[in-house]
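Residue 76 in our numbering sits at position 76 of the sequence shown, with consecutive numbering throughout.
Source of the hints: derived by calculation from the structure; they are not laboratory data.
A quick note: this is a predicted structure, and the numbers were derived from the prediction, not measured.
No residue lacks a Cβ here, since even glycine has one placed at the ideal position from N, Cα and C.
One or more of the hints may lead you astray.
Ranges between beta-carbon positions, derived for each pair [stated by the list, open to error]:
| hint | residue 1 | residue 2 | range |
| --- | --- | --- | --- |
| 1 | 48 | 143 | 25 to 33 Å |
| 2 | 203 | 39 | 23 to 31 Å |
| 3 | 148 | 208 | 23 to 31 Å |
| 4 | 203 | 49 | 47 to 55 Å |
| 5 | 71 | 6 | 40 to 48 Å |
| 6 | 180 | 4 | 34 to 42 Å |
Straight-line Cα separation of at most 20 Å, DMTMM-like style, residue types lysine to aspartate or glutamate; simulated pairs [stated by the list, open to error]:
| hint | residue 1 | residue 2 |
| --- | --- | --- |
| 7 | 160 | 79 |
| 8 | 153 | 79 |
| 9 | 108 | 45 |
| 10 | 167 | 144 |
| 11 | 204 | 156 |
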Amino acid sequence: MNSQESILRQQILDCYSEIFENELIDEIVKVGYFNTIKDGELLIDIGSELTHIPLILKGVVKIIRREKNGEEIVLHFLERGSTCAISFANCINRRKSIFKGVVETTMKAIFLPVEYIDEWLVKYKSWRHFIIDSYHFRLLEMVESIDGLAFMKMDERTLKFLSDKVKINNNADLKITHQEIADDLNTSRVVITRILKQLHDEKKIYSTRNKIRVLELLD
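Take these sequences, add in the hints, and give me the full structure.
Put into structure tokens, the structure is as follows:
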């Protein structure tokens, strides 16, 4: 094993040793490659062909759905120890991506060629469990997103969105603009500015220019 493979193996072990069996890790080291994608860069776009699947080692990816009229809304976030479960079905069926992934904070990941995805489902129990658990978790997130759109008021959605970002980034202080929040929640900047002032007055957040400290987290 060369030095590059040794480094790759250690990175996998640090994050996935309790998930994957040794034989699967051996294969990941052989066929995968390591890459860093900076914040703000595109991981995958709608309509793109999926050639590799990322196993995230560090960072956060924002998953976005675009409507036919061009409007976009954030569905959920991917973080360390996860992957985009929906992409697996697209890979197996050789379909193009129906979601956009934008790197929220600089991402380090191991990228796996899609031709191994189906084979490993049969070959490795840990891989099957990983895929099933990923689907289950993302399904719950999708249901939560739908509930938010259907039943939550915009101020509740905004605080929930900020709470989720705090949990993912492990930091109560968020560097984010009103326009960025509006884009992610598919509303106007004027609405978000009004809501942030309301949340600030209610002492649920502390808002300054392009910075927000979340004082009250929602589950």
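Status of the hints after comparison with the structure:
| no. | hint | result |
| --- | --- | --- |
| 1 | 48 x 143: 25 to 33 Å | holds (26 Å) |
| 2 | 203 x 39: 23 to 31 Å | holds (30 Å) |
| 3 | 148 x 208: 23 to 31 Å | holds (26 Å) |
| 4 | 203 x 49: 47 to 55 Å | holds (48 Å) |
| 5 | 71 x 6: 40 to 48 Å | holds (47 Å) |
| 6 | 180 x 4: 34 to 42 Å | holds (37 Å) |
| 7 | 160 x 79 | holds (17 Å) |
| 8 | 153 x 79 | violated (27 Å) |
| 9 | 108 x 45 | holds (18 Å) |
| 10 | 167 x 144 | holds (16 Å) |
| 11 | 204 x 156 | holds (11 Å) |
The structure is inconsistent with hint 8 alone, although it conforms to all the rest.
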